[in-house]
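As a plain string of letters, each chain reads:
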Amino acid sequence: MSFFTPENLEKAQVLVGLYPDKRSALIPLCHLAQSQHGHLSKEAMEEIAELLGIQPAEVMGTASFYDMLHTEEVGKYLVGVCTNVACLLGGGQELLDHASDVLGVPPGGTTEDGMFTLEEVECVAHCDKAPCAQVNYRYFGPLANDDFDNLVDDLKSGRLSDSVPHHGVLSRVFRDAPPMVSLEIIHEERRVMDEAKKARLAAQSQEAGGKQ
Amino acid sequence: MSDKIVTARVGIPNSYTIASYLEHGGYQSLRKALLEMTPEEVQAEVTASGMLGRGGAGFETGRKWSMLKQDPIRYLVVNGDESEPSTFKDHLLVENDPHQLVEGTLITAYAIGATRAFIYLRGEFALGLERVQTAINEAYAHGAIGRNIFGSGFSIDLVLQPGAGAYICGEETALIESLEGKRGYPRIKPPYFPAVIGLYGAPTIVNNVETMSNVPWIVANGGKAFAALGKGRSTGTRLFALSGDVLRPGSYELEMTSKTFRELIYDPDLGGGLKEGRTVKAVIPGGVSAPWIGPDNLDLPLGQDEVAQAGSMLGSGSIIVLDDHSCAVRAAWRITKFFNRESCGQCTPCREGSGWIEKIMHRIEMGSGTESDLDLVLDACDNIAPGLTWPPQQTTICVLGPSIPSSVVSAIKMFRDEFMIHIKEEGCPFVH
Numbered sequence: 000m001s002f003f004t005p006e007n008l009e010k011a012q013v014l015v016g017l018y019p020d021k022r023s024a025l026i027p028l029c030h031l032a033q034s035q036h037g038h039l040s041k042e043a044m045e046e047i048a049e050l051l052g053i054q055p056a057e058v059m060g061t062a063s064f065y066d067m068l069h070t071e072e073v074g075k076y077l078v079g080v081c082t083n084v085a086c087l088l089g090g091g092q093e094l095l096d097h098a099s100d101v102l103g104v105p106p107g108g109t110t111e112d113g114m115f116t117l118e119e120v121e122c123v124a125h126c127d128k129a130p131c132a133q134v135n136y137r138y139f140g141p142l143a144n145d146d147f148d149n150l151v152d153d154l155k156s157g158r159l160s161d162s163v164p165h166h167g168v169l170s171r172v173f174r175d176a177p178p179m180v181s182l183e184i185i186h187e188e189r190r191v192m193d194e195a196k197k198a199r200l201a202a203q204s205q206e207a208g209g210k211q
Numbered sequence: 000m001s002d003k004i005v006t007a008r009v010g011i012p013n014s015y016t017i018a019s020y021l022e023h024g025g026y027q028s029l030r031k032a033l034l035e036m037t038p039e040e041v042q043a044e045v046t047a048s049g050m051l052g053r054g055g056a057g058f059e060t061g062r063k064w065s066m067l068k069q070d071p072i073r074y075l076v077v078n079g080d081e082s083e084p085s086t087f088k089d090h091l092l093v094e095n096d097p098h099q100l101v102e103g104t105l106i107t108a109y110a111i112g113a114t115r116a117f118i119y120l121r122g123e124f125a126l127g128l129e130r131v132q133t134a135i136n137e138a139y140a141h142g143a144i145g146r147n148i149f150g151s152g153f154s155i156d157l158v159l160q161p162g163a164g165a166y167i168c169g170e171e172t173a174l175i176e177s178l179e180g181k182r183g184y185p186r187i188k189p190p191y192f193p194a195v196i197g198l199y200g201a202p203t204i205v206n207n208v209e210t211m212s213n214v215p216w217i218v219a220n221g222g223k224a225f226a227a228l229g230k231g232r233s234t235g236t237r238l239f240a241l242s243g244d245v246l247r248p249g250s251y252e253l254e255m256t257s258k259t260f261r262e263l264i265y266d267p268d269l270g271g272g273l274k275e276g277r278t279v280k281a282v283i284p285g286g287v288s289a290p291w292i293g294p295d296n297l298d299l300p301l302g303q304d305e306v307a308q309a310g311s312m313l314g315s316g317s318i319i320v321l322d323d324h325s326c327a328v329r330a331a332w333r334i335t336k337f338f339n340r341e342s343c344g345q346c347t348p349c350r351e352g353s354g355w356i357e358k359i360m361h362r363i364e365m366g367s368g369t370e371s372d373l374d375l376v377l378d379a380c381d382n383i384a385p386g387l388t389w390p391p392q393q394t395t396i397c398v399l400g401p402s403i404p405s406s407v408v409s410a411i412k413m414f415r416d417e418f419m420i421h422i423k424e425e426g427c428p429f430v431h
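Here the protein sequences come in this chain order: P and A.
Taking numbering that gives the first Met the number 0, the leading residue of the first sequence gets 0, the next gets one more, and so forth.
Taking numbering that gives the first Met the number 0, the leading residue of the second sequence gets 0, the next gets one more, and so forth.
No wet-lab data here; the hints were simulated from the structure.
Hints are supplied without guarantee of correctness; some may be wrong.
To be verified - The calculated BS3-like cross-link candidates involving lysine-lysine, where the alpha carbons are at most 30 Å apart (straight line), are:
(1) P:K41 - P:K10
(2) A:K68 - P:K196
(3) A:K3 - A:K358
(4) A:K230 - A:K358
(5) A:K31 - P:K196
(6) A:K68 - P:K21
(7) A:K358 - A:K423
(8) A:K223 - A:K68
(9) P:K21 - P:K10
(10) A:K31 - A:K230
(11) A:K68 - A:K3
(12) A:K223 - P:K197
(13) P:K21 - A:K188
(14) A:K223 - P:K196
(15) A:K412 - A:K423
(16) P:K10 - A:K181
(17) A:K31 - P:K197
(18) A:K188 - A:K68
(19) A:K230 - P:K21
(20) P:K197 - A:K68
(21) A:K68 - P:K41
Unchecked claim - Residues on chain P that point at chain A, a partial pick, calculated with CB under 7 Å:
(22) V123
(23) P177
(24) I185
Stated by the list, open to error - Using C-beta positions, here's what the derived DEER-type ranges look like:
(25) P:P55 - A:S65: 39 to 47 Å
(26) A:A224 - P:T70: 50 to 58 Å
(27) A:T394 - P:E206: 24 to 32 Å
(28) P:D146 - A:A224: 40 to 48 Å
Backbone N, C-alpha and C define an ideal beta-carbon position, used for all residues, glycine too.
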């Protein structure tokens with residue numbers, strides 16, 4: 000049985016077709032798998048390998064390098080609190096400690112109900128809103144302790160379900176462009192451009208010659 | 000004319016939509032480049048602009064383009080993997096003006112004769128990914144990407160590639176590896192430039208998001224107009240990402256060299272100053288790889304060479320302010336922890352050294368350090384970047400490793416007393 004749903008399999012095939020070497024679709028396919036399943040399962044990696052014509056171990060080999068690709072289950076909401084230097088100066092470490100108390104798990108831990116995974120993250124480029132956090136890569140900040148408590152309440156009650164989809168859903172916009180322009184067409188166009196350039200240069204030198 | 004280039008449209012409602020972009024002159028530069036200019040003429044304007052790359056290394060954009068090997072297949076890759084701590088300028092550009100980025104990318108693709116273009120965007124930019132993908136979809140529908148753009152006889156495809164969380168992928172050869180579906184391991188140099196061997200082994204230009212976002216303006220107004228802004232090698236404007244202990248942190252676009260650090264920090268319309276009664280203790284310019292500068296350097300203009308002459312770098316344009324209530328040991332420890340976490344692990348000095356330095360710095364901050372730890376930590380730093388010079392000596396494949404000592408060495412040099420207080424009083428004297 001296939002891992003990807005028919006709808007996602009169609010998206011996967013579009014992704015594979017975007018690159019001169021289809022292995023380039025590996026990371027986008029991992030994101031697609033996580034959007035479907037919340038994390039990157041063994042079955043997903045096997046199917047991605049098949050789509051790319053490589054071994055599942057090669058998919059694992061790449062995926063294990065990247066912080067955003069989770070081969071183990073994570074909570075519905077991945078809460079990443081930044082403690083890098085700008086957030087540190089703004090109280091990021093204290094925010095992380097508070098988050099850990101409120102959620103009842105240490106950084107890296109997942110709550111028993113599977114709702115939250117807490118992470119200590121590196122700079123997410125939101126430093127004018129320090130201390131900041133991301134939930135499933137959506138930004139929140141600056142966060143005082145009670146702002147964080149309200150955020151957790153909003154997530155629990157579903158009030159943010161439109162703006163913060165479950166973990167794994169990254170971009171909700173997909174490519175809807177026409178098929179790729181073939182290299183043959185591009186090379187033919189460039190040949191025409193080159194000829195026009197040569198003709199132009201020849202005309203210019205003739206003109207310059209005429210002036211002498 | 001607005002004194003802003005890349006952020007001119009930031010703040011306009013729905014600035015990220017094609018309707019708004021077209022209303023404000025969008026895609027006119029692409030039209031002009033494709034229909035009225037040759038690729039060489041576009042390159043000549045960018046060369047004349049003197050624009051230095053906005054990613055961090057500050058290499059002349061026109062010169063980089065001219066180094067591209069003229070093979071039949073060549074690529075353009077835009078580096079949007081903004082992860083240098085406290086750098087948050089590309090984040091602003093991709094969310095607020097994605098079409099400007101797309102247009103600049105297409106013009107560049109034409110100028111260098113790329114056969115396909117990619118925008119590699121940091122995975123953590125969920126909204127940015129949605130905005131740029133929407134912009135690409137809209138631009139295809141508008142006829143600005145794809146087959147025979149605006150009837151010019153020039154075709155190109157543009158693909159958005161998401162990252163997946165790895166600082167090192169901002170290094171251009173690691174980014175290329177990642178784009179090839181591999182672990183983000185920087186490649187061994189030489190070749191020094193992907194312009195010779197890049198994506199899939201083909202010549203490739205890698206340019207930063209802000210660099211690309213300047214290109215439409217340069218084509219519209221000419222390289223000379225761009226070069227008229229700023230001073231010396233620092234032409235045009237730059238986005239300065241100001242953070243840390245200031246009242247109004249933010250990304251501010253300023254004409255290069257037009258303001259000093261002090262003005263950026265204290266101007267009520269910019270940084271807005273510090274909390275009541277506080278003073279600047281240190282500034283980390285150009286990203287956490289850069290040596291720190293002290294309060295005596297606040298009158299330096301924000302220019303490439305000016306900051307380099309003071310022994311640091313303008314780098315990614317980020318500026319972190321530490322006031323006199325912030326702990327230098329703690330800041331340097333946290334920066335080392337970051338490098339330790341983000342080291343890709345290929346080279347021993349970086350992989351092992353960052354861990355040792357982080358542990359020693361942590362125990363000093365926590366109050367269990369000894370005086371000899373200062374020599375030990377400097378010795379470990381010296382093993383990563385022999386001589387502790389700036390710019391650092393290279394012992395590793397990429398510059399991540401030799402960047403590790405900067406903050407630690409700066410902190411010890413500038414605030415040795417503070418280290419000694421941590422050691423003697425067995426703890427951090429600051430409240431946090």
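Hint by hint, here is what the structure shows:
no.	hint	verdict
1	P:K41 - P:K10	holds (20 Å)
2	A:K68 - P:K196	holds (19 Å)
3	A:K3 - A:K358	violated (44 Å)
4	A:K230 - A:K358	violated (43 Å)
5	A:K31 - P:K196	holds (17 Å)
6	A:K68 - P:K21	holds (24 Å)
7	A:K358 - A:K423	holds (18 Å)
8	A:K223 - A:K68	holds (27 Å)
9	P:K21 - P:K10	holds (14 Å)
10	A:K31 - A:K230	holds (28 Å)
11	A:K68 - A:K3	violated (34 Å)
12	A:K223 - P:K197	holds (27 Å)
13	P:K21 - A:K188	holds (26 Å)
14	A:K223 - P:K196	holds (25 Å)
15	A:K412 - A:K423	holds (18 Å)
16	P:K10 - A:K181	holds (21 Å)
17	A:K31 - P:K197	holds (21 Å)
18	A:K188 - A:K68	holds (17 Å)
19	A:K230 - P:K21	violated (46 Å)
20	P:K197 - A:K68	holds (20 Å)
21	A:K68 - P:K41	violated (41 Å)
22	V123	holds (5 Å)
23	P177	holds (6 Å)
24	I185	holds (5 Å)
25	P:P55 - A:S65: 39 to 47 Å	holds (43 Å)
26	A:A224 - P:T70: 50 to 58 Å	holds (52 Å)
27	A:T394 - P:E206: 24 to 32 Å	violated (57 Å)
28	P:D146 - A:A224: 40 to 48 Å	holds (45 Å)
When the structure is compared with the earlier hints, violations turn up for hints 3, 4, 11, 19, 21 and 27 and for no others.
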